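**Q** Line by line, the protein sequences are chains U and V.
Each residue of the first sequence is one higher than the one before, counting from 1 in this note's numbering.
Each residue of the second sequence is one higher than the one before, counting from 1 in this note's numbering.
Quick caveat, the hints were computed from the structure, so don't treat them as lab data.
Keep in mind it's a predicted model, so treat the numbers as computed, not measured.
The beta-carbon is built from N, C-alpha and C at its ideal position, and this holds for glycine as well.
Careful: at least some of the hints might be erroneous.
Among the chain V residues that face chain U by a calculated CB cut under 8 Å, a handful are [what the hints assert, rightly or not]:
#	residue
1	Val37
2	Arg102
3	Ile179
4	Leu191
5	Gly207
6	Pro209
7	Phe215
8	Val216
9	Ser218
10	Ala329
11	Gly332
12	Ser334
13	Tyr338
14	Phe340
Here is how the chains run, residue by residue.
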Amino acid sequence: MSTPTPNTNALVRAWYDKETRSVIVQIIAAALILSFFAFIINNAVVNLSNIGKDINFSFLWDNASYDINQHLIEYSSTSSHFRAMIVGLINTLLVAVAGIVLATILGFILGVMRLSRNWLTQKIAYVYIEYMRNVPVLLHILLLHGLIVSSLPRPKGSYNFGDTFFLNNRGFQMPSPEFQSLFWIVGGFVVAGLAFAWWFSRYAKNVQDTTGKTYPVALINLAAILLMPLVVYFALGSPIEWDVPALKGFNFKGGMVVRPEFIALWLALSLYTAAFIGEIVRAGIVAIDHGQTEAAQALGISNSRVLKLVVIPQGLRVIIPPLTSQYLNLAKNSSLALAIGYMDIVATIGGISLNQTGREMECMLIVMAIYLIISLLISSGMNWYNDRIRLVER
Amino acid sequence: MTMTKQTYAPGTHPSLPAPTSTTGLIYWLRVNLFSSVANSIITLVSLYLLYLALPASINWLFLDATYIGETRKDCAPNGACLAFIGERFNLFVYGFYPEHLRWRVDLATILLAVAGAAVLWDNIPARKYMLRFALIYPFIGAWLLSGGFGLEHVGTHLFGGLMLTLTIGVTGIVCSLPIGILLALGRQSNLPIIKYFCIGFIEFIRGVPLITLLFVASTMLSYFLPPGTTFDLLMRVLIMVTLFSSAYMAEVIRGGLQALPKGQLEAAESLGLNYSQAMRFIILPQALKISIPGIVNTFIGLYKDSTLVIVIGLLDPLGIGRASVADSAWLGLSTEVYLFVAIFFFISCFGMARYSLYLENKLNTGHKR
C-alpha cells in the first residue's frame, strides 16, 4: 500500500487549509462583486454622458403640470414633482393601511370559518380561499375595476342610500365633514379618553395582580373613548356640518367621493390577502395542542375565556411571522394600482413624472427607496410585536 | 311474515346494522349542519346567500349566455358574452405567433409535458431516458419557440398568450430553484463577505415590488450595459423574474436549513465529508424535503406574478384580455374575459398545489408525530 506523499507545494497546501481557503474564497468573491459593480457603474456613467444626462434631483422642484384625481393634501397641476410624489406616497399608504385592516378582519373570519363544525360554512370558506389564492391579484384588480365601471349605473341612476350616500360608476359619494371651531373640544375629549384608558388598563391590571379583583376594563374604556366624546358632541350642538353630495347635471357636486379605482384596488388587495391570512390563522389555531383547551376546560374556565386566554395568545405566536410577510406583500402589491390608473407612488413619480422629465434613474431610485423603507417599517413593527408576545423561555 | 324467536349460542349472533339515528343522510345533516341552534342559523343564512348568488350567476354564465357571434351586438344583453372567447381563442393561446408556425408551439408544449412528467412522477416507464431528455429540453424548447438553426426565426415580441405565461413560468421555475439554493447556502455561510452580499441581495429584492424591477428591466437596463449592447426585452424580463423569485426561494430554503438540527452537519463532518459532500448528501435532501410546500408556493407565486409583464407591454392572457376589453367591436365586455383568464390560472395553480400535497405525502418518511 502506498501512502500519499504530503504535497509540498505551498499554494496547494494553503487550499487544503480551511482558514486560508475561506480567506482566499472571500477575496475572490469580493473582487468579483466589486468589479461587477465597478463595471455597471462605469457603464452607466459612460452611457449617461454619451446622451448628455447627469444624475440630478433638482427636477423635483419643477412644475409637475399634471393632475392627480385623488389627493388628500393640497395639490394642483402647478405643484412640484416633489409634492406629486408625496401625494402618491399618501395614496399608497392609504390603500395599504386600509387593505391591511380589512384583510386582517376578513382573514380571521375566514380562518375561523375553515375550522367551523358547520360543513357548509367550512366548504364555502374553502372554495373562496382556493379561488382567491390561485388567481393572480392583478386579475382580481382588473376584474373588480371592470365590474364597478361597467355594471354600476351612471350618476343619474345611482343607488341611493337615504339621499346622503350614492353608489355609481364614478365611485361612492358621501358627505364630507366641515369642522367648526367648537369641534376641538370634542377632539380634546377623545384624547383625554385615550389617556384615561391607557392609565385605567394599567391600574386595573395592577389591582388584579395584587388583590384578584377584576374590573370590566373593556366596557369602561369604550365608554371613556367613545361615549364621553359623543355626549360632549351632542351637548355642544353637533359642531360638524356635513356637506351632502347632490346630483347636478351629469355628476355629483359637493361631499367627497371614494373613486372606483380606490375601491377596486382596496377590495381586490384585501380579498386576495384575506384568503392567505385565513389559511395562516387556521394553521395557527390548529397548531395549538388540543390538550391546552382540555386543560383549560378542566379548570372550569368558560369557553370564550379559553379562546381569549389560552388558545389565541398561543396561536398568535405561530400566526404573527407569516402574517408579517402577508402585510408586506399587500403593501408591495398596491403598486399594481398602475394597471387601473390609481395614482400611487409608482404612477406619480415613477410614471408620469418619469415620462415628463426623462429622469429614469432618479425616479426609480426614489420609488425603490420608498418601498424599501415601507417594508422595513412594517417588518420592524411586526418584529417588535412578535418579540412582545413571544414565549418567554427560561 | 311471522316473527320467530330465534336463539343464538354465545358469540354467534350476527352483527346488527348501526342504529338508524347514527347513519344515513339525516344523521349527517344533524351532525354537520344542524348540531346546535347557532349552527342551524348559520346554515340557513349560508343557504340563503347561496340561493341569492348561485342561480343568478349560473343563469348569467351558462343559460343566458351567447356562445356564437361576430360582434358584441350578437350577444344577449343579460347574459355572458362567451362568443368573444371562441372568436379570440387562438389569440389567447398563441398571442401573435405566426399562424403557419404554431405547430412549433404545440410541439414544444407536448415535449414539455413529456419532460415534465418524467420530472414529476417517478413510476413512469423508461424514466431514465426521459430525465435525460428533460435535461436538454430547455434548449430544444428555446430552439422550437424562437427558431434559428434551420427553423424560421420568430421575434420574442410576437410571443403572447398562454404560451408567454408558460415560457416565463417554466423558465423562472427551472432557474430560480438552483439560484435560490445557492443564495440560501450563502446566507448561512461562515464567510462574512459572501454572507452579507447574499443578505443584501435577498433583502433588497424582497423589499421592492416586482413591478419596479420590471420597469428597471424595460427602461433602464441598457444604461448598465456596455454602450451599444442591447438584448431582448423578454430575456431581460426572464432574468428579472428569475432573480425576484430566487430571493423568495432562498428564504423558504433557509427556513428548511434552519429547521435541521445542528447535529446533522456535525455528524457529516465527523464522517469526514467536506462541505459540498455534506450539503449534497446530508443537509440539502432533508432541508429541501421540509421546504417543499414553501417551494411550491413560491412557484405558484412566480407563475401568478408573470401577469405583471403586462405593465411593460408584453401580452400574456391577461394583457390580451385587457386589450380586447378596449376593442370597439366588443365594447362593454370585461367580466367574461377576465373570468376566462382566471379559470386558466386557477387550473394551473391549483394543480401545482395538489401536486405539492402529493409530493409531501410521498416523501413523508414517518418522522411526523
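**Q** Could you run down the list of hints and mark each one as holding or not?
**A** Status of each hint after checking the structure:
| no. | hint | in the structure |
| --- | --- | --- |
| 1 | Val37 | violated (12 Å) |
| 2 | Arg102 | violated (25 Å) |
| 3 | Ile179 | violated (16 Å) |
| 4 | Leu191 | holds (5 Å) |
| 5 | Gly207 | holds (4 Å) |
| 6 | Pro209 | holds (4 Å) |
| 7 | Phe215 | holds (6 Å) |
| 8 | Val216 | holds (6 Å) |
| 9 | Ser218 | violated (10 Å) |
| 10 | Ala329 | violated (16 Å) |
| 11 | Gly332 | holds (6 Å) |
| 12 | Ser334 | holds (3 Å) |
| 13 | Tyr338 | holds (4 Å) |
| 14 | Phe340 | violated (10 Å) |
Of the numbered hints given earlier, the model fails hints 1, 2, 3, 9, 10 and 14; all others are met.
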